[in-house]
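A.B. asks: As you go down the protein sequences, you meet chains A and B in turn.
Per this note's numbering, residue 1 is the first one in the first sequence, and the count goes up by one each step.
Per this note's numbering, residue 473 is the first one in the second sequence, and the count goes up by one each step.
FYI, nobody ran anything at the bench for these hints, they're computed from the structure.
Cβ atoms here follow ideal geometry from the backbone N, Cα and C, with glycine treated the same way.
Hints are supplied without guarantee of correctness; some may be wrong.
Chain A stretches covered by chain B per the calculated footprint, using a threshold of three residues with CB under 8 Å from any CB of chain B [what the hints assert, rightly or not]: (1) 269-279; (2) 309-321; (3) 337-348.
Now the in silico label distances, taken between C-beta atoms and shown as ranges [stated by the list, open to error]: (4) A:Glu262 - B:Asp489: 22 to 32 Å; (5) B:Thr605 - A:Gly254: 55 to 65 Å; (6) B:Val486 - A:Ala297: 26 to 36 Å; (7) A:Gly254 - B:Pro475: 48 to 58 Å; (8) B:Asp489 - A:Ala297: 29 to 39 Å; (9) B:Val486 - A:Glu262: 17 to 27 Å; (10) B:Asp489 - A:Ala308: 24 to 34 Å; (11) B:Asp489 - A:Arg242: 50 to 60 Å; (12) A:Gly435 - B:Val486: 40 to 50 Å; (13) A:Ala352 - B:Ser596: 37 to 47 Å; (14) A:Glu247 - B:Asp593: 55 to 65 Å; (15) A:Glu247 - B:Lys574: 40 to 50 Å; (16) A:Glu262 - B:Ser596: 36 to 46 Å; (17) B:Ser596 - A:Ala297: 17 to 27 Å.
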Amino acid sequence: MPTPRPRPWRRAHWRAARWHMPLSVALAVLLAVGVFAGAEWTYQRALDSLVNLGGRDTARNALQTVMRRLLDIESAQRGYLLTGRAAYLQPYQAARADLGNAIGRLHEHYRTDPELARLVDTLEEKSLQKVSEAAETIALYDAGSHAAWQGLVLTDIGREKMEAVRRVADVLLATEERRIAGERAAIYRTLEVGRLSVHGLALLSLLAYIFFLRNNAALQASQVTHAAQLRAERDAFEQQVRQRTEELALLNLGLQELREGERGGLARALHDDLGALLTTAKLDLTRLRHALSAPSADVSARLQHLSATLDQGIETKRRLMEGLMPSALQNLGLQAALEQRADELHQRTGVAVERDLQPLELDASTRQALFAVAQGALSNVERHAGASRVVLRLSGEDGAIALSVADNGRGFAERGGSTSALGLRNLRHRIESLGGTFTVRSAPGDGTHVEVRLPGRERPTEPTALPEDPPA
Amino acid sequence: MSPLRTFIVEDNKVIYDNLVSTLQELANVEVVGHARNETEAVNWLTGAGGTGETEGDRFDLMIVDIFLLTGSGLGVLKAAQDAGLPGRRVVLTNYATPDIRKRCAQLGADRVFDKSCELEDLISYCERISDGTATAPGDLH
Chain A
1 MPTPRPRPWR RAHWRAARWH MPLSVALAVL LAVGVFAGAE WTYQRALDSL
51 VNLGGRDTAR NALQTVMRRL LDIESAQRGY LLTGRAAYLQ PYQAARADLG
101 NAIGRLHEHY RTDPELARLV DTLEEKSLQK VSEAAETIAL YDAGSHAAWQ
151 GLVLTDIGRE KMEAVRRVAD VLLATEERRI AGERAAIYRT LEVGRLSVHG
201 LALLSLLAYI FFLRNNAALQ ASQVTHAAQL RAERDAFEQQ VRQRTEELAL
251 LNLGLQELRE GERGGLARAL HDDLGALLTT AKLDLTRLRH ALSAPSADVS
301 ARLQHLSATL DQGIETKRRL MEGLMPSALQ NLGLQAALEQ RADELHQRTG
351 VAVERDLQPL ELDASTRQAL FAVAQGALSN VERHAGASRV VLRLSGEDGA
401 IALSVADNGR GFAERGGSTS ALGLRNLRHR IESLGGTFTV RSAPGDGTHV
451 EVRLPGRERP TEPTALPEDP PA
Chain B
473 MSPLRTFIVE DNKVIYDNLV STLQELANVE VVGHARNETE AVNWLTGAGG
523 TGETEGDRFD LMIVDIFLLT GSGLGVLKAA QDAGLPGRRV VLTNYATPDI
573 RKRCAQLGAD RVFDKSCELE DLISYCERIS DGTATAPGDL H
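Given these sequences and hints, build the entire structure.
C.D. replies: Next up, the structure:
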């Protein structure tokens, strides 16, 4: 059976699959890198923003500390000036030190921002002015110049310095608040971008998965289709083989029947035409002999020779006829032909042939097929079996015809019911073409049993009938 | 000497013509009937042909071929046997096998002659019936 060539669609499919594969791998890698990079970017951005926020918080705290400490200094100054108790000077000292620290932190924070750094410088300057105003009044108080420190306090310089500091601090605070709001907004944006990119990537993944599933389904569908096509092709081939086999069997049967018909026609021509001429010649010779009452020795010898020649011709004709078609089969039926064949076997080989032959009325092709089987089986007995006894049976039961030939010879090992070893294959074909069964049973040392069964084809004619016309 | 009234069953015209002229020439035979197949022969013998007249008891000798166009000489012998006809019945065939000889004898044939090599025997048998030296009907020899 020829292998089916790959279909064009199949080649196209494989070409498509060749570039589908790296593309999908690249897409998957791209997607994974995207997810990784997106998450990392969002994390870094958020981290930066949070760090910045922390820094701004510190700055705001420092600014508030500056303001609080200045107020602490002011209230400590007032307390000391009113009471003269040294206890008020302790928070004053602490506040001064803390103020310095807080301004230092502010410098540190705005190191990279020249505009705000200048504001911090102003704040420091104003703060120091305020602190020095407080320090001066305290020094005047300690020196006992009460009028001087009272005058200084009454000049309102302290309040002005404090206002100046507050203004600068307000600007700084407002700037810080604005920047903090900016950082917050940046964090929200980053989070939003992160969220959107995760959503997008999730959607892309889902799409990729759906694409993969669809691709997979398409591949499976094409595989199923392909398998179905292969199956259909195989079925078609098998159907074709069956059909061809049937046609060949019919052809074989037709050829067999044609052959038998031609042989029968030839045999008939030999009998009717040549046989009649030879018999007529013999009759003429008989009349000639009677006519010549006293022939010479020479004529007598000639006549004798002519008679012998004619006898040889008749014998040759008979041999040819029997070879073509046993005349007993054609004229007297299967039973008589089998009897004759059995007699011949017994005479030639001494094998005892037991017969159980039922007279049956059969059509020509059944008769010839069954005789051919018996002939083949008996030839095998004669040539191979080494048997001493053969049983030949012919019977018609329930409309079926059965013929069997069984011997007690050496038999043979069956090979899966094969009949080729015995050259019975053609006979099997012939019987099966007629709708019958052909069975051979044998085992080494146990004889051979050939059995044929044919569906009933008896026909109601006279047992020894000749066909009206020679078969075509 | 009255002629030997003979009924011949033979399907081949050439053989029939030559057989008749040979027998008439050599054996004082008068052909009283001729059939080409089993049915014709049986009708002639038993009068079943419709004439109502039976010819069967008006022959001295019946010569039958075994292989006929339709039917066979064996059927003709059986019909003659069943009808209990008195005439002698002989078989002239190309197929004088021992089996056929046996079956013909069982069906009441007096003699079986081979068409090719026993024609002389048939003629001398006819002569002996005519001169009365032949064995009685029903005996084999």
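A.B. asks: Compare the structure with each hint and give your call.
C.D. replies: Evaluation of the provided hints:
no.	hint	result
1	269-279	holds (count 7)
2	309-321	holds (count 5)
3	337-348	holds (count 3)
4	A:Glu262 - B:Asp489: 22 to 32 Å	holds, 29 Å
5	B:Thr605 - A:Gly254: 55 to 65 Å	holds, 59 Å
6	B:Val486 - A:Ala297: 26 to 36 Å	holds, 33 Å
7	A:Gly254 - B:Pro475: 48 to 58 Å	holds, 55 Å
8	B:Asp489 - A:Ala297: 29 to 39 Å	holds, 33 Å
9	B:Val486 - A:Glu262: 17 to 27 Å	holds, 24 Å
10	B:Asp489 - A:Ala308: 24 to 34 Å	holds, 25 Å
11	B:Asp489 - A:Arg242: 50 to 60 Å	holds, 58 Å
12	A:Gly435 - B:Val486: 40 to 50 Å	holds, 42 Å
13	A:Ala352 - B:Ser596: 37 to 47 Å	holds, 39 Å
14	A:Glu247 - B:Asp593: 55 to 65 Å	holds, 56 Å
15	A:Glu247 - B:Lys574: 40 to 50 Å	holds, 47 Å
16	A:Glu262 - B:Ser596: 36 to 46 Å	holds, 41 Å
17	B:Ser596 - A:Ala297: 17 to 27 Å	holds, 23 Å
Hint compliance for this structure: every hint is met.
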